[in-house]
Amino acid sequence: PNEIILYQYEVCPFCCKVKAFLDYHKLPYRTVEVSPLTKKQLKWSEYRKVPVALLDGEIVTDSTAIITRLAAEIAGQEQQEQQQQQKSHGEEEWRRWVDERLVRLLTVNIYRNMRESYQTFDYITASSCNFGFFEREAARVVGAVMMWGISGRLKKKYGIEGDVREELYQAANKWTEALGDQRFHGGSKPDLADLSVFGVVRSITCTDTFMDLMHTTRIGTWYEHMMDAVGDSTRLSTS
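Every letter in the sequence shown is one number past the one before it in our numbering, and letter 85, counting from 1, is 85.
No wet-lab data here; the hints were simulated from the structure.
C-beta: ideal position from N, C-alpha, C; glycine also.
Mixed in with the good hints, there may be bad ones.
To be verified - Taking CB as the label site, the calculated pair distances span:
(1) Gly162 with Glu73: 40 to 48 Å
(2) Ile74 with Glu166: 34 to 42 Å
(3) His215 with Lys49: 26 to 34 Å
As the list claims (entries may be wrong) - In silico DSSO-like pairs for lysine-lysine, Cα to Cα no more than 27 Å straight-line:
(4) Lys156 with Lys49
(5) Lys26 with Lys189
(6) Lys26 with Lys49
(7) Lys156 with Lys174
(8) Lys157 with Lys39
(9) Lys174 with Lys157
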(Lines of atoms letter the chains of each structure in order from A and count residues from 1; the text may use other names and numbers.)
(Lines give C-alpha, C1' and ligand atoms only; values in the text may rest on other atoms or scores of the structure.)
Protein backbone atom coordinates (compact mmCIF):
# COMPACT_ATOMS: atom_id res chain seq x y z
CA PRO A 1 0.00 0.00 0.00
CA ASN A 2 1.07 3.56 -0.68
CA GLU A 3 -0.47 4.94 2.51
CA ILE A 4 -0.72 3.21 5.88
CA ILE A 5 -2.48 4.88 8.81
CA LEU A 6 -2.59 3.03 12.13
CA TYR A 7 -5.16 3.98 14.76
CA GLN A 8 -3.59 2.87 18.01
CA TYR A 9 -2.73 3.20 21.68
CA GLU A 10 1.01 3.84 21.81
CA VAL A 11 1.86 0.99 24.19
CA CYS A 12 -0.93 -1.45 23.30
CA PRO A 13 0.77 -4.84 22.73
CA PHE A 14 -1.38 -5.62 19.70
CA CYS A 15 -0.56 -2.24 18.17
CA CYS A 16 3.12 -2.79 18.92
CA LYS A 17 2.95 -6.09 17.02
CA VAL A 18 1.84 -4.24 13.91
CA LYS A 19 4.47 -1.52 14.35
CA ALA A 20 7.22 -4.14 14.70
CA PHE A 21 6.13 -5.63 11.37
CA LEU A 22 6.01 -2.23 9.66
CA ASP A 23 9.39 -1.17 11.05
CA TYR A 24 11.07 -4.43 10.05
CA HIS A 25 9.76 -4.25 6.49
CA LYS A 26 10.62 -0.53 6.24
CA LEU A 27 7.03 0.42 5.44
CA PRO A 28 6.36 4.12 6.16
CA TYR A 29 3.23 4.68 8.25
CA ARG A 30 1.42 7.32 10.21
CA THR A 31 -0.23 6.80 13.56
CA VAL A 32 -3.33 8.33 15.10
CA GLU A 33 -3.40 8.07 18.88
CA VAL A 34 -6.86 7.03 20.04
CA SER A 35 -8.20 8.39 23.31
CA PRO A 36 -8.93 5.39 25.56
CA LEU A 37 -11.61 7.43 27.33
CA THR A 38 -13.67 8.72 24.38
CA LYS A 39 -12.30 6.88 21.32
CA LYS A 40 -13.47 9.88 19.32
CA GLN A 41 -10.76 9.24 16.72
CA LEU A 42 -12.63 6.05 15.78
CA LYS A 43 -16.12 7.54 15.65
CA TRP A 44 -16.23 6.77 11.92
CA SER A 45 -15.61 3.05 12.54
CA GLU A 46 -18.04 0.40 13.74
CA TYR A 47 -15.03 -1.52 15.11
CA ARG A 48 -13.95 0.24 18.30
CA LYS A 49 -10.88 -1.73 19.32
CA VAL A 50 -7.31 -0.85 18.38
CA PRO A 51 -5.44 -1.36 16.20
CA VAL A 52 -7.39 -0.30 13.14
CA ALA A 53 -5.43 0.19 9.92
CA LEU A 54 -6.29 2.17 6.83
CA LEU A 55 -4.42 0.66 3.89
CA ASP A 56 -4.87 3.06 0.98
CA GLY A 57 -8.21 3.93 2.54
CA GLU A 58 -9.36 0.34 3.10
CA ILE A 59 -10.23 -0.53 6.70
CA VAL A 60 -8.49 -3.59 8.15
CA THR A 61 -9.08 -4.53 11.80
CA ASP A 62 -7.35 -6.89 14.26
CA SER A 63 -3.56 -6.97 14.58
CA THR A 64 -3.14 -10.50 13.25
CA ALA A 65 -5.35 -9.77 10.23
CA ILE A 66 -3.48 -6.53 9.50
CA ILE A 67 -0.09 -8.27 9.59
CA THR A 68 -1.29 -11.23 7.51
CA ARG A 69 -2.75 -8.90 4.90
CA LEU A 70 0.42 -6.81 4.65
CA ALA A 71 2.67 -9.87 4.56
CA ALA A 72 0.69 -11.30 1.67
CA GLU A 73 0.94 -8.02 -0.25
CA ILE A 74 4.68 -7.74 0.33
CA ALA A 75 5.51 -11.24 -0.79
CA GLY A 76 2.74 -11.73 -3.37
CA GLN A 77 2.69 -15.17 -4.90
CA GLU A 78 5.91 -16.10 -3.13
CA GLN A 79 4.08 -15.83 0.18
CA GLN A 80 1.74 -18.66 -0.77
CA GLU A 81 4.70 -20.91 -1.54
CA GLN A 82 6.29 -20.10 1.80
CA GLN A 83 3.16 -20.76 3.87
CA GLN A 84 3.58 -24.52 3.89
CA GLN A 85 7.18 -24.20 5.10
CA GLN A 86 6.12 -21.73 7.78
CA LYS A 87 3.34 -23.98 9.04
CA SER A 88 5.78 -26.88 9.22
CA HIS A 89 7.81 -25.16 11.91
CA GLY A 90 4.81 -23.74 13.76
CA GLU A 91 4.77 -20.08 12.80
CA GLU A 92 0.97 -19.82 12.94
CA GLU A 93 0.80 -21.75 16.21
CA TRP A 94 3.27 -19.35 17.80
CA ARG A 95 1.33 -16.35 16.52
CA ARG A 96 -1.79 -17.71 18.22
CA TRP A 97 0.27 -18.39 21.35
CA VAL A 98 1.29 -14.72 21.44
CA ASP A 99 -2.36 -13.56 21.36
CA GLU A 100 -3.81 -16.24 23.61
CA ARG A 101 -1.02 -16.74 26.15
CA LEU A 102 1.89 -14.30 26.08
CA VAL A 103 -0.14 -11.07 25.96
CA ARG A 104 -2.28 -12.30 28.84
CA LEU A 105 0.75 -13.22 30.94
CA LEU A 106 2.29 -9.82 30.32
CA THR A 107 -0.99 -8.12 31.29
CA VAL A 108 -1.37 -9.82 34.67
CA ASN A 109 2.32 -9.20 35.40
CA ILE A 110 2.38 -5.46 34.79
CA TYR A 111 -0.62 -5.08 37.13
CA ARG A 112 0.33 -7.76 39.66
CA ASN A 113 0.66 -5.31 42.59
CA MET A 114 -0.14 -1.68 43.27
CA ARG A 115 3.41 -0.41 42.74
CA GLU A 116 3.79 -2.05 39.35
CA SER A 117 0.29 -1.00 38.36
CA TYR A 118 1.17 2.64 39.07
CA GLN A 119 4.44 2.20 37.18
CA THR A 120 2.57 0.82 34.18
CA PHE A 121 0.07 3.67 34.10
CA ASP A 122 2.87 6.21 34.45
CA TYR A 123 4.31 4.65 31.30
CA ILE A 124 0.95 4.48 29.49
CA THR A 125 -0.12 8.05 30.24
CA ALA A 126 3.33 9.51 29.51
CA SER A 127 3.31 7.79 26.11
CA SER A 128 -0.10 9.11 25.08
CA CYS A 129 -0.55 12.55 23.53
CA ASN A 130 -4.30 12.51 24.22
CA PHE A 131 -4.15 13.44 27.89
CA GLY A 132 -4.08 16.89 29.42
CA PHE A 133 -2.48 17.20 32.86
CA PHE A 134 -5.64 16.55 34.87
CA GLU A 135 -6.83 13.79 32.54
CA ARG A 136 -3.40 12.18 32.78
CA GLU A 137 -3.38 12.25 36.57
CA ALA A 138 -6.94 10.92 36.75
CA ALA A 139 -6.18 8.13 34.30
CA ARG A 140 -2.96 7.26 36.11
CA VAL A 141 -4.53 6.98 39.55
CA VAL A 142 -7.92 5.54 38.62
CA GLY A 143 -6.50 3.20 35.99
CA ALA A 144 -3.75 1.90 38.24
CA VAL A 145 -6.11 1.18 41.14
CA MET A 146 -8.74 -0.37 38.87
CA MET A 147 -6.32 -2.67 37.02
CA TRP A 148 -4.62 -3.76 40.23
CA GLY A 149 -8.06 -4.50 41.65
CA ILE A 150 -9.13 -6.71 38.77
CA SER A 151 -5.75 -8.38 38.15
CA GLY A 152 -6.81 -11.36 40.24
CA ARG A 153 -9.96 -11.80 38.18
CA LEU A 154 -7.93 -11.55 34.97
CA LYS A 155 -5.63 -14.27 36.26
CA LYS A 156 -8.61 -16.54 36.86
CA LYS A 157 -10.24 -15.60 33.55
CA TYR A 158 -7.08 -16.41 31.61
CA GLY A 159 -6.49 -19.68 33.45
CA ILE A 160 -3.14 -18.59 34.88
CA GLU A 161 -2.22 -20.63 37.95
CA GLY A 162 0.56 -20.08 40.45
CA ASP A 163 2.98 -17.17 40.56
CA VAL A 164 2.40 -14.96 37.52
CA ARG A 165 6.05 -13.97 37.22
CA GLU A 166 7.19 -17.58 37.19
CA GLU A 167 4.55 -18.40 34.59
CA LEU A 168 5.92 -15.59 32.42
CA TYR A 169 9.49 -16.82 32.83
CA GLN A 170 8.41 -20.29 31.79
CA ALA A 171 6.67 -18.89 28.72
CA ALA A 172 9.77 -16.91 27.71
CA ASN A 173 12.00 -19.96 28.10
CA LYS A 174 9.54 -22.06 26.12
CA TRP A 175 9.92 -19.57 23.28
CA THR A 176 13.71 -19.59 23.39
CA GLU A 177 13.75 -23.40 23.48
CA ALA A 178 11.72 -23.38 20.27
CA LEU A 179 14.47 -21.35 18.62
CA GLY A 180 16.97 -24.17 19.11
CA ASP A 181 20.36 -23.07 17.81
CA GLN A 182 18.80 -20.62 15.34
CA ARG A 183 19.19 -16.87 15.62
CA PHE A 184 15.47 -16.40 14.97
CA HIS A 185 12.41 -18.62 14.81
CA GLY A 186 12.47 -17.92 11.09
CA GLY A 187 16.09 -19.07 10.86
CA SER A 188 18.51 -16.45 9.56
CA LYS A 189 15.73 -13.83 9.36
CA PRO A 190 12.74 -13.08 11.60
CA ASP A 191 9.39 -14.56 10.61
CA LEU A 192 5.92 -13.45 11.68
CA ALA A 193 6.24 -15.37 14.95
CA ASP A 194 9.45 -13.51 15.83
CA LEU A 195 7.89 -10.16 15.01
CA SER A 196 4.76 -10.92 17.04
CA VAL A 197 6.68 -11.95 20.17
CA PHE A 198 9.05 -9.01 19.80
CA GLY A 199 6.26 -6.49 19.34
CA VAL A 200 4.34 -7.42 22.47
CA VAL A 201 7.48 -7.68 24.62
CA ARG A 202 8.67 -4.28 23.37
CA SER A 203 5.34 -2.78 24.47
CA ILE A 204 6.31 -3.15 28.15
CA THR A 205 9.87 -1.80 27.83
CA CYS A 206 9.71 0.68 30.72
CA THR A 207 8.42 -1.74 33.35
CA ASP A 208 9.88 -4.00 36.02
CA THR A 209 8.28 -6.92 34.20
CA PHE A 210 10.45 -6.23 31.15
CA MET A 211 13.65 -5.90 33.19
CA ASP A 212 12.93 -9.08 35.14
CA LEU A 213 12.20 -10.91 31.89
CA MET A 214 15.53 -9.85 30.38
CA HIS A 215 17.57 -10.69 33.48
CA THR A 216 15.90 -13.91 34.59
CA THR A 217 15.18 -15.76 31.34
CA ARG A 218 17.10 -16.61 28.18
CA ILE A 219 15.09 -14.27 25.98
CA GLY A 220 17.50 -11.32 26.18
CA THR A 221 19.93 -12.44 23.47
CA TRP A 222 17.13 -13.10 21.00
CA TYR A 223 15.55 -9.74 21.89
CA GLU A 224 18.81 -7.91 21.14
CA HIS A 225 19.05 -9.70 17.78
CA MET A 226 15.49 -8.58 17.05
CA MET A 227 16.27 -4.98 17.98
CA ASP A 228 19.08 -5.01 15.43
CA ALA A 229 16.96 -6.73 12.77
CA VAL A 230 13.92 -4.46 13.16
CA GLY A 231 15.99 -1.28 13.27
CA ASP A 232 14.67 2.24 13.54
CA SER A 233 11.00 3.12 13.37
CA THR A 234 9.60 3.98 9.95
CA ARG A 235 6.79 6.03 11.47
CA LEU A 236 6.26 9.32 9.67
CA SER A 237 6.00 12.60 11.51
CA THR A 238 2.46 13.83 12.09
CA SER A 239 3.52 17.42 11.53
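Which earlier hints can't be squared with this structure?
none
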